[in-house]
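Visitor: What follows is each chain in one-letter form.
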Amino acid sequence: MSKVLLRRLLFFLPTLVVISLLSFLISISAPGDPVDRLLPTAGTSGETGLVSKRIMEERQAMRHRLGLDLPAFYLSVSSLSMAAEMPDFQNPEEEEAWRRLTQLCGNAKAATNVYQAFDSWLELHAALDLSVLPDSAYLLVRQSSAIVRSLRQSGNTDLILSSIDRMLDRYSEYEGLNELSDGAMNTRSAVDALGTHTARWKNLVPVVQWNRQNQYHRWLFGDGHWLTGKGAVETKGVIRGDFGRSYTTKLPVSNILRERIGWSLFFTFTSVLLAYLISLPVGLRAAAKPHSLFDRSSSVVLFLLYSMPAFWLATLLLMNFANPDVLKWFPASGVAPAGGFPAGTGWWGRITGTIPYLVLPTICYTYAQLAFLSRMTRVSTLEIYGQDFIRTARAKGLSARTVLYRHAFRNALLPIITVFANVFPAAIGGSVILETVFSIPGMGREIVQAIYQQDYPVIVAVFTLTGVLTLAGYLLADILYSVADPRITWKR
Amino acid sequence: MEKMSNSLSRASWKQFRRNRPAMAALWFLSVMLLLALMAPLLANDRPLYARYHDKHIFPALYPNKTYIFVLSDGSDEYVKSALVNWKTLPLEKAVWAPVAWWPGESDYANAHFVSPGGSQQFRDASGVLTEMPQKFRHRLGTNNTGEDVAAGLIHGARVSLSIGMIAMGIAACIGLLLGAVAGYFGDKGIHMTRGQWSTLIPGLFIAWFYAFHVRHFALTDALQAGGWKAVTSLSFSTMLFTAILLGCWWLGKLLSRIPFFQKGSWLPADNLISRTIEIIHSLPVFMLIITIAAITKPSIVSVMILLGLTSWTGIARLTRAEFLRIRELDYMQAGRSLGLGAARLIWRHALPNALAPALVSIAFGVASAILAESALSFLGVGVPTDLVTWGSLVNEGRQQYSAWWLVVFPGLFIFGTVTAYNLIGDGLRDAMDPKLRKQIRI
Chain V
1 MSKVLLRRLL FFLPTLVVIS LLSFLISISA PGDPVDRLLP TAGTSGETGL
51 VSKRIMEERQ AMRHRLGLDL PAFYLSVSSL SMAAEMPDFQ NPEEEEAWRR
101 LTQLCGNAKA ATNVYQAFDS WLELHAALDL SVLPDSAYLL VRQSSAIVRS
151 LRQSGNTDLI LSSIDRMLDR YSEYEGLNEL SDGAMNTRSA VDALGTHTAR
201 WKNLVPVVQW NRQNQYHRWL FGDGHWLTGK GAVETKGVIR GDFGRSYTTK
251 LPVSNILRER IGWSLFFTFT SVLLAYLISL PVGLRAAAKP HSLFDRSSSV
301 VLFLLYSMPA FWLATLLLMN FANPDVLKWF PASGVAPAGG FPAGTGWWGR
351 ITGTIPYLVL PTICYTYAQL AFLSRMTRVS TLEIYGQDFI RTARAKGLSA
401 RTVLYRHAFR NALLPIITVF ANVFPAAIGG SVILETVFSI PGMGREIVQA
451 IYQQDYPVIV AVFTLTGVLT LAGYLLADIL YSVADPRITW KR
Chain C
1001 MEKMSNSLSR ASWKQFRRNR PAMAALWFLS VMLLLALMAP LLANDRPLYA
1051 RYHDKHIFPA LYPNKTYIFV LSDGSDEYVK SALVNWKTLP LEKAVWAPVA
1101 WWPGESDYAN AHFVSPGGSQ QFRDASGVLT EMPQKFRHRL GTNNTGEDVA
1151 AGLIHGARVS LSIGMIAMGI AACIGLLLGA VAGYFGDKGI HMTRGQWSTL
1201 IPGLFIAWFY AFHVRHFALT DALQAGGWKA VTSLSFSTML FTAILLGCWW
1251 LGKLLSRIPF FQKGSWLPAD NLISRTIEII HSLPVFMLII TIAAITKPSI
1301 VSVMILLGLT SWTGIARLTR AEFLRIRELD YMQAGRSLGL GAARLIWRHA
1351 LPNALAPALV SIAFGVASAI LAESALSFLG VGVPTDLVTW GSLVNEGRQQ
1401 YSAWWLVVFP GLFIFGTVTA YNLIGDGLRD AMDPKLRKQI RI
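Chains V and C are the protein sequences, given in the same order.
Just so we're aligned, residue 1 is where the first sequence starts under this note's numbering, counting upward by one.
Just so we're aligned, residue 1001 is where the second sequence starts under this note's numbering, counting upward by one.
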């Protein structure tokens, strides 16, 4: 038994790796800069004035703390020109602009020089004594610092040079801005150097690097020791359940998930159990007398149920049974009264008070799987009925009941168990819609809300968790299968 | 051989025709397809034909045209088809579409959920509200902003049907190709010498590096510009990639003349493809689509591609099983002994006979693709919010449950289409699977 488990676990390892890679890929390609979302002071509003050196440094520190300055993956491929020390960047756009400049001339050092020139030009802005300047000059300085910061993100030499020329013209209108002119001239010569110190051949030489420190490793194992997690400062890593902080609430994502996962699992398991409990007798009875009235009517009903969109049925049920204008049998949303249970309600009162909230969602969670499972039961029982040992059992004079439940049922069970592996992920996927319609505070609703609010850490965490849960479902199906059928020895 | 497969498919068709629900589903889908194809003629806010100032015009056919009419006093009247309100124009004669509204077009005189049978109002040219003329009625009611439900249903058929077809088209291409390769070659069908291994594996890397990595910025700029530039840039990269790989292939062949590089091993195609199928199959697909849709710009095309890329595993699995069976058959042996190439054998001889199970899987796949798209539009995730689809209409019905027409009609359309595809899948399975045919007779 443990051998079976071990084998299957090993087998699922590649899938786990793929899920983790997908999640990581999604998390790093999410639009926007995490620093902007997590650091309230660091808006990228370029046009509003001087960003002080303090904020720039804060942003750089934040990038470093979140590990955003690390390479993305263990293996990274770059060209010889790019494989060099990079300057400190404040956002991904600056890094891309630097890469563009480097690609242009093939000389990383020249591109870095441009960025150093930008840096000192910006520092000159901050060093100016603004109080002695006329108001219009003050405005010009604010504008110029915004322009310099946007030039850091452009990566287009023509644009940079023409902007510098324009800035030089405008600086010359005022006295006391000579320092800025010097900064602009320095930058221009650094940009000009890009054209003279070229080494474009370096772009064509591939370099493969092994990065021991990288974002994926950090995301997966945290910034401490990879196995024990000791010494973790910022993140403990996804394998220890640390998905970072939510952009909207700033709370750890794992706390949010811990609150939410209960209802999702409750509905998933209840519905799968209910579906099995109802579908097995229905399928068996239909198979016992194929083409009888029961068989035909049940298969028509189940077929229609199978094609029914869950969100439609849910909306229809709410429209008819939770609607004051029609029938108000059940509450319309949530899993508890809006203000919570009144104080002093005992646990029994709580349970009976919750049940009305659960009826409609449970129906919606169950029906689709019910249809699928009954059809499977019927087909697999019919297949068993055609086999010799059933004929032998009948010939022995056993009653139809005994043949059905003792001989056919156990064998027909096998394909139905494997179906568990399909039913479980379907239930998890369905929870996204049903939890939204019924306002159930579960993971499905959480991911939809996170999508509306662009809260990427939560989205990625829910995806990863459902991936792992789905795999666990497959594993459970395999174990059940080997329990139900002792012939299976898992020798491949 | 041609005749054999012909008669097999004819027998299947005969069997299929006897399946009355499946035939009814086929008719239903044909009507839906017609509805989708003729949507602009069935629901349009411009008249199909009109006579204005003694000129015969067809505004529905030319949505962006500007009509110039010469009036009796010699002056000109300009009518911009896209901007003018045709309903209030004093047309001399007009033939209107059965539904005289465009999906997403707000009719503020009938905002806030006007029911199909209730009283509807019409704002005429002078701005006075009158009883709605019969030809302009909102036949299936309106939503909160006065958009016509019937128009949304008719145009929504385009979205739903095309999602099903294109997503499954992509899935069928991938699934059939990979399934055929895995089943036909197996683990010991493709032999590679050491020379080829040692050139092709680095060759893949080098080709990727020069075709895509070095050209990264050129490609992203071209893709952003879009249009012709994107096409030429992408195809240049693809050609470079293929050229480098081909070069490496020849180099490998050359290298294989050296005795050490002559030895080789099998490429385990079946194993590789089967493992890939298992991994993709065990991903939570709906969650994956939602997650990816969350980080990309909402677009119906990317939903189609995502659905296609994740739903090919069933097709590949069934095709692989068919190819495993077919490759051992006598006629394939005969083909091989005649010296036919693998590509020709697969394409001309094995594939037509292996299509049956894939077709069943495709029919069911279309049904679930339509369901998935409608669920996404219901949630408002991944699909542009201004696009009127069946799912988005049901979602609007949730705002006010007394507006039953917003829930019932679009839901029936989804339900009917999905049922029809499932019935066709069932009918195809019964018709083409001889094993099942025998079973039913028990």
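Don't take each hint at face value.
Short, incomplete list of chain V residues facing chain C, as computed with Cβ under 10 Å [said to hold, decoys possible]:
#, residue
1, Tyr74
2, Ser78
3, Asn255
4, Phe303
5, Pro331
6, Ala332
7, Val448
8, Thr470
9, Ile479
Label-pair distances were calculated between CB atoms; the ranges are [stated by the list, open to error]:
#, chain 1, residue 1, chain 2, residue 2, range
10, V, Ser76, C, Arg1010, 41 to 49 Å
11, C, Ser1299, V, Asp165, 18 to 26 Å
12, C, Lys1065, V, Asp325, 29 to 37 Å
13, V, Thr228, C, Gln1400, 37 to 45 Å
14, C, Thr1238, V, Gln116, 37 to 45 Å
15, C, Leu1033, V, Leu25, 32 to 40 Å
16, C, Leu1234, V, Asn156, 50 to 58 Å
Read the hints as simulated data drawn from the structure, not as lab findings.
Just so it is clear, CB atoms sit at the ideal spot from N, CA and C, and this is done for glycine as well.
Visitor: Give a verdict on every hint.
Guide: To see whether the hints hold, each was checked on the structure:
1. Given hint, Tyr74(V) at the interface with chain C, is violated; its Cβ is 16 Å from that chain's nearest Cβ, farther than 10 Å.
2. The beta carbon of Ser78(V) is positioned within 10 Å of a beta carbon in chain C (closest approach about 8 Å), and the interface hint is therefore held.
3. Residue-level restraint check for Asn255(V) is violated (minimum Cβ-Cβ distance to chain C is 21 Å; threshold 10 Å).
4. Of the supplied interface hints, the one on Phe303(V) holds, with its beta-carbon coming within about 7 Å of a beta-carbon of chain C, less than 10 Å.
5. Nearest Cβ of chain C to the Cβ of Pro331(V): about 14 Å, over the 10 Å cut. The hint is violated.
6. Proximity of Ala332(V) to chain C holds as hinted, the smallest CB-CB distance being about 9 Å (cut-off 10 Å).
7. Hint on Val448(V) holds. Least Cβ distance to chain C is approximately 6 Å, under the 10 Å limit.
8. Satisfaction of the interface hint for Thr470(V) is found here, the shortest Cβ-Cβ separation to chain C being roughly 5 Å, below the 10 Å cut-off.
9. Hint status for Ile479(V): violated, given a least beta-carbon distance of 15 Å to chain C, over 10 Å.
10. With their beta carbons about 58 Å apart, Ser76(V) and Arg1010(C) fall outside the hinted range of 41 to 49 Å.
11. Between Ser1299(C) and Asp165(V), the C-beta spacing of about 40 Å breaks the proposed range 18 to 26 Å.
12. Distance hint check: the CB atoms of Lys1065(C) and Asp325(V) are about 47 Å apart, inconsistent with the given range 29 to 37 Å.
13. As the Cβ distance of Thr228(V) to Gln1400(C) is approximately 56 Å, the hint placing it in 37 to 45 Å is violated.
14. The hint said 37 to 45 Å for the Cβ distance between Thr1238(C) and Gln116(V), and at roughly 39 Å that hint holds.
15. A beta carbon spacing of about 38 Å between Leu1033(C) and Leu25(V) agrees with the range 32 to 40 Å that was offered as a hint.
16. Take Leu1234(C) and Asn156(V): their Cβ atoms lie about 22 Å apart, and the range 50 to 58 Å is violated.
Consistency with the previously given hints fails for numbers 1, 3, 5, 9, 10, 11, 12, 13 and 16, ordered from lowest to highest.
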